[in-house]
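Colleague: Sequences are here, hints too, so could you generate the full structure?
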Amino acid sequence: MSNLQRTALYEEHVKNGGKIVDFAGWELPIQYEGLVVEHEAVRNDCGMFDVSHMGEVTVDGKDAEAFVQYLVTNNVKTMKEKQVIYGQMCYENGGIVDDLLVYKYNTEKYLLVINASNVAKDFAWMQEVVKKFEVKLVNISTETSEVALQGPKAEKLLQNLTDKDLSEIGFFFFENPVVIAGVECIVSRTGYTGEDGFEIYAPNDKITIVWNAIIEKGGDYGLKLCGLGCRDTLRFEVALPLYGNEMSKDISPLEAGLGFFVKLDTDDFIGKSALVKQKEEGLKRKTIGFEIEGRPVARHEYKVLKNGKEIGFVTTGYNSPSVGKSVGIAIVDAEYAVKGEEIEIQIRKKTVKAIVTAKRAYKKSYKK
Amino acid sequence: MKVVEGLLYAEDHEWVKVEGNVATIGLSDFAQHELGDIVFLELPEVDDELAAGDVFGVVESVKAASDSFTPVSGKVIEVNEDLLDAPEGVNSDAFGSWMYKIELSNKEELDGLMDSTKYTEFCSK
Numbered sequence: 004m005s006n007l008q009r010t011a012l013y014e015e016h017v018k019n020g021g022k023i024v025d026f027a028g029w030e031l032p033i034q035y036e037g038l039v040v041e042h043e044a045v046r047n048d049c050g051m052f053d054v055s056h057m058g059e060v061t062v063d064g065k066d067a068e069a070f071v072q073y074l075v076t077n078n079v080k081t082m083k084e085k086q087v088i089y090g091q092m093c094y095e096n097g098g099i100v101d102d103l104l105v106y107k108y109n110t111e112k113y114l115l116v117i118n119a120s121n122v123a124k125d126f127a128w129m130q131e132v133v134k135k136f137e138v139k140l141v142n143i144s145t146e147t148s149e150v151a152l153q154g155p156k157a158e159k160l161l162q163n164l165t166d167k168d169l170s171e172i173g174f175f176f177f178e179n180p181v182v183i184a185g186v187e188c189i190v191s192r193t194g195y196t197g198e199d200g201f202e203i204y205a206p207n208d209k210i211t212i213v214w215n216a217i218i219e220k221g222g223d224y225g226l227k228l229c230g231l232g233c234r235d236t237l238r239f240e241v242a243l244p245l246y247g248n249e250m251s252k253d254i255s256p257l258e259a260g261l262g263f264f265v266k267l268d269t270d271d272f273i274g275k276s277a278l279v280k281q282k283e284e285g286l287k288r289k290t291i292g293f294e295i296e297g298r299p300v301a302r303h304e305y306k307v308l309k310n311g312k313e314i315g316f317v318t319t320g321y322n323s324p325s326v327g328k329s330v331g332i333a334i335v336d337a338e339y340a341v342k343g344e345e346i347e348i349q350i351r352k353k354t355v356k357a358i359v360t361a362k363r364a365y366k367k368s369y370k371k
Numbered sequence: 042m043k044v045v046e047g048l049l050y051a052e053d054h055e056w057v058k059v060e061g062n063v064a065t066i067g068l069s070d071f072a073q074h075e076l077g078d079i080v081f082l083e084l085p086e087v088d089d090e091l092a093a094g095d096v097f098g099v100v101e102s103v104k105a106a107s108d109s110f111t112p113v114s115g116k117v118i119e120v121n122e123d124l125l126d127a128p129e130g131v132n133s134d135a136f137g138s139w140m141y142k143i144e145l146s147n148k149e150e151l152d153g154l155m156d157s158t159k160y161t162e163f164c165s166k
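The listed protein sequences correspond, in order, to chains A and B. The first sequence runs contiguously to residue 371 in our numbering. The second sequence runs contiguously to residue 166 in our numbering.
What the hints contain is simulated information worked out from the structure, not anything from laboratory work. Since the model is a prediction, treat every value here as computed from it, not as a measurement. The beta-carbon is built from N, C-alpha and C at its ideal position, and this holds for glycine as well. Be aware that a few hints might be false.
[As the list claims (entries may be wrong)] For lysine-lysine, the following DSSO-like pairs were computed, each having C-alpha atoms within a straight-line distance of at most 30 Å:
| no. | chain 1 | residue 1 | chain 2 | residue 2 |
| --- | --- | --- | --- | --- |
| 1 | B | 159 | B | 142 |
| 2 | B | 166 | A | 22 |
| 3 | B | 166 | A | 353 |
| 4 | A | 18 | A | 220 |
| 5 | B | 142 | A | 352 |
| 6 | A | 18 | B | 148 |
| 7 | B | 142 | A | 18 |
| 8 | A | 352 | B | 116 |
| 9 | A | 353 | A | 282 |
| 10 | A | 342 | A | 328 |
| 11 | B | 159 | A | 22 |
| 12 | B | 148 | B | 159 |
| 13 | B | 43 | A | 22 |
| 14 | A | 18 | A | 124 |
| 15 | A | 353 | B | 116 |
| 16 | B | 166 | A | 18 |
[Stated by the list, open to error] Partner residues aside, some chain A positions facing chain B, computed with beta carbon under 7 Å:
| no. | residue |
| --- | --- |
| 17 | 37 |
| 18 | 38 |
| 19 | 82 |
| 20 | 119 |
| 21 | 123 |
| 22 | 298 |
| 23 | 322 |
| 24 | 326 |
Modeller: Okay, here's the thing in structure tokens:
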């Protein structure tokens, strides 16, 4: 595994028995004890992930708000200080550059969190867009580590390690600094599992202290160390999209079913006119959920058929650990995106029957 | 990792138990551990004629699907139908969860398989 990057927690993963794989150019654990055990820990107790491979970009300057607003699909102008929003960066044609989280300090200072595999592409894109604005962009990805603590017991566990009253951090808000085990961190009430929990950012040279302090207190709360395998099944079950699966340069946020995060009535942003046109003309493709008869799993890019005719493709499919069924998400011609519609999926040499369902196979349980 | 003595092993991590002219084939404990939680199996059908190296089916874990290759040639005479309904059995008891039995058409192929000692070495590389 040469030329792969390691997070600051690499040695901890090896020490704790993590099964290391090449994940988007990073040596990260796919699992520790087992994907299903870890998945269930996050649903029922809590689990901790190393997501230091994610990218972070700081935005500073008097045009910071105008720049971020122009960059992303969501409405940045209505954000409160210390709020986090989710949105996409689009190309002019409405295809997606990446999805991201926007952390607002104030109108002149933001933090953008982007996907590991897209950091170089995204940063180059931002640098091009920023030319029109008085803003300083800094890619702090390589010096910033991130840990996600997720699950219904996450707050109670983390509260042992900080004087900050964590119950005061609302859903999709953050605090900075929050001192955890003596380390100044950014802590947001966000995550990628459909459960309550936190994302914790700290410098590379301090993250191990935070990680090990959480492990030390974790036993009383059923904490499991989690690999990226269950991160994917968890996010998938609650229909949280993944770039490269549900989203791509060839799929618009509207086609991906992410219209909620696209504010077409706000100021101009890159891709807006293409998305307005797409909405006016009506979507030709839509994202659906489906459930398969029996056990076979429909993987990414498998064909979706109707009476033998190709109507789309699977974006993600799993045998869902929480619901115990073979389910998936697909993008199909809009006329078939109707709940209850019978479709077929091409799984290797066989065609299996499936039925169109809601995208979400499992209900989210965020803190209200 | 559990390796049972007296069985033969293929590089693709199938175990082979030979009784007379019949081989019983399953997936090794090493393989189930590497694959993780198994959720689906595709097995051959009775009377299928397989040549060594042919894909006999698919083993699918939560994370990925992998083709499985038959280590020996012959005619499939029995398939473990119970395992199709409960493929997680391979995770809990790899050596108790046989997949299919094949009537050997070329016993010399067995010479190309590993014994338990060689297989243990092979897995540790």
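Colleague: Okay, which hints does this one fail, numbers in order?
Modeller: 3, 6, 7, 9, 14, 19, 20, 21, 24
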